[in-house]
Amino acid sequence: MAEQHNTTSSSSAFVVIFAFQALAGMGINAFIVAASCMAWFKKKGMNSNEKILLFLGCFRFWYLCATWIYLIISVLFPQNLLDTGISLTFAIFMCFLSSSNLWTSTCLYAFYLMKIANFRHHFFIYLKARIDRIVPWLLLSSVVLSLLNCSPFLKVIDEENRTSPNFTTQGIFWKTNEEIRKHFNSIISICTCGFSMAFILVTLFAFFLLFSLCRHKHKMQTSSTRSLSMDAHIKAMKSLLSFFFTFSIHYILLITTVYYSSKENFLVLLLLVLQYSFPVIHSLILIFSNPRLERIALRILPCAKCKECARQPTETPMLCS
Numbered sequence: 000m001a002e003q004h005n006t007t008s009s010s011s012a013f014v015v016i017f018a019f020q021a022l023a024g025m026g027i028n029a030f031i032v033a034a035s036c037m038a039w040f041k042k043k044g045m046n047s048n049e050k051i052l053l054f055l056g057c058f059r060f061w062y063l064c065a066t067w068i069y070l071i072i073s074v075l076f077p078q079n080l081l082d083t084g085i086s087l088t089f090a091i092f093m094c095f096l097s098s099s100n101l102w103t104s105t106c107l108y109a110f111y112l113m114k115i116a117n118f119r120h121h122f123f124i125y126l127k128a129r130i131d132r133i134v135p136w137l138l139l140s141s142v143v144l145s146l147l148n149c150s151p152f153l154k155v156i157d158e159e160n161r162t163s164p165n166f167t168t169q170g171i172f173w174k175t176n177e178e179i180r181k182h183f184n185s186i187i188s189i190c191t192c193g194f195s196m197a198f199i200l201v202t203l204f205a206f207f208l209l210f211s212l213c214r215h216k217h218k219m220q221t222s223s224t225r226s227l228s229m230d231a232h233i234k235a236m237k238s239l240l241s242f243f244f245t246f247s248i249h250y251i252l253l254i255t256t257v258y259y260s261s262k263e264n265f266l267v268l269l270l271l272v273l274q275y276s277f278p279v280i281h282s283l284i285l286i287f288s289n290p291r292l293e294r295i296a297l298r299i300l301p302c303a304k305c306k307e308c309a310r311q312p313t314e315t316p317m318l319c320s
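Just so you know, the sequence shown maps onto residues 0 to 320 in numbering that gives the first Met the number 0.
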């Protein structure tokens with residue numbers, strides 16, 4: 000009895016943490032979307048960086064919103080959740096949004112590589128000159144790859160429709176759950192493959208980008224370039240390393256959660272809490288590494304009235320505004 004009480008208390012604590020985490024992330028990403036839309040209306044257009052941030056903010060907002068809604072339904076109407084098979088719908092929707100979040104983050108790193116890095120290879124120069132035309136195709140590719148990542152769930156629905164063409168919503172969850180268990184290995188394999196491809200690409204982009212920045216920093220040191228430009232490059236490297244560090248942790252947590260998702264224990268809840276913190280932490284990194292977003296954020300925050308907080312952000316080469 001005491002063990003069951005402790006488990007219930009832990010679950011309740013995690014539910015509260017999930018709720019606050021999701022609401023905070025929704026607010027932060029809604030701010031990114033609103034700021035990008037304001038720039039769009041003001042300039043009657045958007046640059047490539049703002050397009051990627053808009054897509055990323057939208058995907059993360061709806062991902063956290065779906066998580067929050069699922070959490071509310073599972074707490075307030077658990078039986079309704081089981082009887083109507085809403086779990087599968089949320090599983091597909093959240094798998095798509097999670098993959099879109101990962102692939103759009105990869106697109107953002109690819110954009111930074113093209114804009115900031117300085118290599119003399121002809122192919123790199125060709126891509127760098129046409130990056131604004133390539134970005135919409137990168138975003139479209141991220142959506143397509145995310146849909147492919149959800150293909151095992153679509154196979155489950157197709158088999159369920161063929162085996163029970165006249166089924167009602169009553170009891171669909173249990174049939175679907177059986178189909179999911181049957182295809183569990185293929186779901187894990189495809190999800191792991193999709194997530195790993197994104198992580199490998201980000202690792203390569205990070206290596207080339209940091210190599211280019213370190214080489215440029217060394218040239219500035221030997222030529223005694225002014226310290227302001229040096230500080231800007233150091234800040235850019237810190238932002239990129241922060242992004243790569245959080246992305247790596249998120250990837251590890253995501254893969255671990257996929258393999259342990261069939262179990263219900265304290266470890267899975269802890270992994271989920273840490274996993275859902277990525278859209279919050281990385282969005283904050285994006286805001287405070289972008290001078291325009293940082294200025295808007297400091298105007299909104301109450302502490303911005305303080306002179307130390309209201310200082311102008313340092314321009315970094317990472318921002319392509």
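One should not assume that every hint holds.
[Claimed, not checked] Between beta-carbon pairs, the in silico distance windows are:
1. R298 with Y125: 35 to 45 Å
2. L146 with L240: 43 to 53 Å
3. I187 with T88: 14 to 24 Å
4. F123 with A18: 20 to 30 Å
5. F122 with N46: 21 to 31 Å
6. F40 with F123: 33 to 43 Å
By construction, these hints were calculated from the structure, which means they are not laboratory data.
We put the CB at the ideal spot given by N, CA and C, even for glycine.
Results of checking the hints against the structure:
The hinted range of 35 to 45 Å is satisfied by R298 and Y125, whose Cβ atoms lie roughly 40 Å apart. About 31 Å separates the C-beta atoms of L146 and L240, a value inconsistent with the hinted range of 43 to 53 Å. At about 20 Å, the CB distance of I187 to T88 agrees with the hint of 14 to 24 Å. Checked against the hint of 20 to 30 Å, the C-beta distance between F123 and A18 comes to roughly 45 Å, which is inconsistent with it.
A hinted range of 21 to 31 Å for the beta carbons of F122 and N46 is consistent with their spacing of about 23 Å. Checked against the given bound of 33 to 43 Å, the beta carbons of F40 and F123, roughly 34 Å apart, stay inside it.
In summary, the numbered hints that this structure violates are 2 and 4.
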